[in-house]
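A.B. asks: Order-wise, the sequence lines are chains A and B. Going by the numbering used here, the first sequence wraps up at 832, each residue one higher than the last. Going by the numbering used here, the second sequence wraps up at 117, each residue one higher than the last.
Just to be clear, a hint being listed does not mean it is correct.
Claimed, not checked - Cut-off 27 angstroms, straight-line C-alpha distance, at most; resulting in silico cross-link-like pairs (DSS-like, lysine-lysine):
| no. | chain 1 | residue 1 | chain 2 | residue 2 |
| --- | --- | --- | --- | --- |
| 1 | B | K39 | A | K186 |
| 2 | A | K799 | A | K737 |
| 3 | B | K39 | A | K731 |
| 4 | A | K497 | A | K166 |
| 5 | A | K737 | B | K39 |
| 6 | A | K96 | A | K161 |
| 7 | B | K39 | A | K19 |
Keep in mind the hints are simulated off the structure, nothing from the lab.
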Amino acid sequence: MIASCFNVKSHNFNQRVMKYLKPALSLTITVALVFALNSQLGVAPPFGKFLNPFGGFWQNAESTSGWKDENENLEGLKDEVKVYFDDRLVPHVFAKNDEDLYYMQGYISAKYRLWQMEVQTHNAAGRVCEVVGEKALESDRLQRRIGMGYGAEAAQQYIEKDPESKKLLQAYCNGVNAYIKNLDPKDYPLEYKLLNYAPEEWQPIKVALLLKNMANMLSVYEYDIENSNFIAKYGEENFRKLYPDYWAGDDPIIPVGTKWDAEPGIRNAELNTNKQTTQRENTELYQNAIQKPDELNGSNNWAVDGSKTKSGKPILCNDPHLALSLPSIWYEMHLVSPNMNVYGATLPGSPAVVIGFNDSISWGVTNAGRDVRDWYRLKFKDDSKNEYEYNGQWVKTEKRIERYKVRGKGEVIDTVLYTRFGPVVYDDNFGVANSKKYLSMRWTAHLPSNEFNTFYKLNCGRNYNDYLDALKTYTCPAQNFVFASRSGDVAMLEQGKFPIRNKATEQGKYICDGTTSADEWTDFIPEGGNPLSHNPPRGFVSSANQHPTDSTYPYYYSGVGVYEQFRNRRINKILAEGKDIDFAFMQKMQNDNYNLFAEEVLPVMLACAERAGVNAAYKPALDNLKSWDYFNNPNSQQATYFEEWWVSLRDLLWDEMSDPAYPLKRPNEVVTIGLLQNDSTSEFYDDKRTSVKENRDALVVQALDSAMQRLTAKYKTLDAVADWGKHKATKVAHLAKQDAFSSLNVYNGGNRGIINATNSTHGPSWRMIVDEGAMKGYVVYPGGQSGNPGSKYYDNMVKTWAEGNYYEANFIKTGEELGSKKLFTSTYKPKQ
Amino acid sequence: MKNFILSILLIAALAGILQLFLPWWIIAPVAFVVALLIKQSGWMAFASGFLGIFLLWVVYAFTLSSANDNILANKVAVLLKAITQGSTIGLYLFTGLIGGLTGGFGALTGSQVAGLK
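Build out the structure end to end from the sequences listed, making use of the hints.
C.D. replies: Okay, here's the thing in structure tokens:
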């Protein structure tokens, strides 16, 4: 009875549970589903949030037509600003004062490029792990350990000492923040939705960080660790032979034979007070070295004076070579205030025009590539690393605590030690820790400086003296500033802050001694001491990342770097021969695909191959190569053969330099050609990975075999090998490396060492030709004005760029002049 | 059948209005409440929630994307090619599926709770 009673009870209970179980289960599923679809799952976006058309990515599918004029009231504006957008979505900003002008530059830049601005500053600051998690932690740590944040803080504090700069910088930030503040999450740029985070306030430090980002791309071409390693491994004699400071036939920026005595300040060449006269021996191997950015981060610029042009007025050209990216590193703008009327390329996130022209002058930049970063080997008193040895004393280190808010993991703390020789990059906590070789880094990017002021002054500049005045305080990254004016001047100045180096010890070429002051920087090259060329008799100035000077320049600098050996000579040859130069001439020249390097190395390679004898199957390809005109045009199959063969040869010949344990630098191309031409027995011909001993000719044939096998594997037969444009398949990559948002297989010629220096990932990131006679600018860049992958202006200029065409800048004086080219007008008024 | 169509329309309309102000997941409570008030069997409730949101999301996405000539949809379809096979239609269907499942389960829960007496 009791039992049955219990059974009945239990049955009822079960029924009741069953009744509630179903809705409870459904509710659980619903809640779990919503939760899952609202969270980031690995690399996948939160699908519910991302796909819903009310707030997700569909909202970024902006309309391709129906542009309408806009009116808005903004807090912090002083006066009305009108922004006219032309048919390429280039903003022409007309403000009544400079503060409003930069406010609007910030606002408009954020409107079209916000995500890019923030991701680039996060990268510079070592904060990418806050967005993508632990996988970015090591690269973030490197950024902070080389002192990017430290340098940015120094720059920001220095900028703020100048009230005018501080005011304009703040106005720019206010503009960016005005845009962010009014931004509804549904209107966040696509990438925020994809990565599931939100934009933060824009502060002046971010402007400084962007500049340090440029410095980190461009002012890092030192090979101290690699040079020391080479000597320790292969000896001094080999080093002198393979890494010369200068070489025959070079064509520096400042023409050979220029007299230095004429320049003020030059007499101070002996300013380095370190009197050490003997070289230290390099006997130790170092395992850590920072990976250098692509050697193709370079550029071309030149200006011809009126004697060489059709119009009788100068023409200026510039094409800076950087990683090709979407959104593009550049944002095209036209800025007008009572102080200026300036047009050109801006860095989104940073005020003023960086490369451009106004109604009186034009200017452009190439990278100087000078060594401005030295490594010092330190000795600590004990494992606490509280003190380091300096001239027989123990000196205290300073500690900077770096905090990383790693997404999905929490805070990670890293302590970086600072010394008089800069931050200690490699110690027991970073790099190959057990090497016990403590290396700190002294870098001009750590110096307080105000580069904004330089660009501001250039933007307002009217003549040659304004140009010199603007440049004199410019510090880092050092650039070759080309200049031309309507009044007829052309000039080139390599400007940056350069430590005066002790020539006797070749200070800065190898690892420096950090236990004494012997290798310490004592002073910088004074104003007037930097290489300058003004209205030279040859009628033009040019630079292409080659040596700034010949060896008579009174200040010592290391020639072991990435100094260009081919583009410079090609440019100078064309300009020296050029007459009646006009826009069409310059257009052809900037897109020139002539491969001077191939002209010099291919005959040597062919001769080697012929001596050694080649596989009969490769004969037709070789015959084909013999008839090549040395143009890396997109439709050239010969260029494909050559480039593949050369890459194989380079890698086989310099296999010694790819030792993963100890970083070494490959000798440059001129040295390589010389070796192949004049030395048939060098120890470097032997491929160390094989037991047979290779000689020169055998090595060249081995390289040919390997290249041809690679091409046959890819294209089935050698006849079917793709032309250079298809084979190279230039890619303009999205900043988050998403192929879906990249421009793939861009059909284009060129390569390194060629004026059109486009390889598969790097190339001319902005092409500009300014005709001072007609007062016209022609521009193009491989991207588009909008950073939104959903905009038709995202990559609309890539094709024009690849085909070597340009757009004439609408260098208007009033908005009405745009006429039918006007897309829409935005009117901004102060909020009452 | 009348209840079924009424449910679909109500869910779509309410979800459409509320999503203008509230996060996307408001679609689940909307479907829940509609299913609570309009009596249907569990499966019919699920189907009405699924179709209500599926149609709302796909039609609105299509409207936005048409004005954009599908520039972005084509790219996102490639981005999510593991799911969409690179097809833009696949992206529309996936969008509808995500919304539909959320609406469907919300409605199913609602009808089951309504069944409790």
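A.B. asks: Against each hint, give a clear statement of whether it holds in the structure.
C.D. replies: For each hint, the structure was consulted:
1. B:K39 with A:K186: Status violated; Cα separation ~35 angstroms.
2. A:K799 with A:K737: With Cα atoms ~20 angstroms apart, K799 of chain A and K737 of chain A stay inside 27 angstroms; holds.
3. B:K39 with A:K731: Violated: K39 of chain B and K731 of chain A sit about 57 angstroms apart, past 27 angstroms.
4. A:K497 with A:K166: Roughly 22 angstroms separates the two Cα atoms, so the pair holds.
5. A:K737 with B:K39: violated, 50 angstroms
6. A:K96 with A:K161: Within the cut-off at roughly 25 angstroms; holds.
7. B:K39 with A:K19: holds, 17 angstroms
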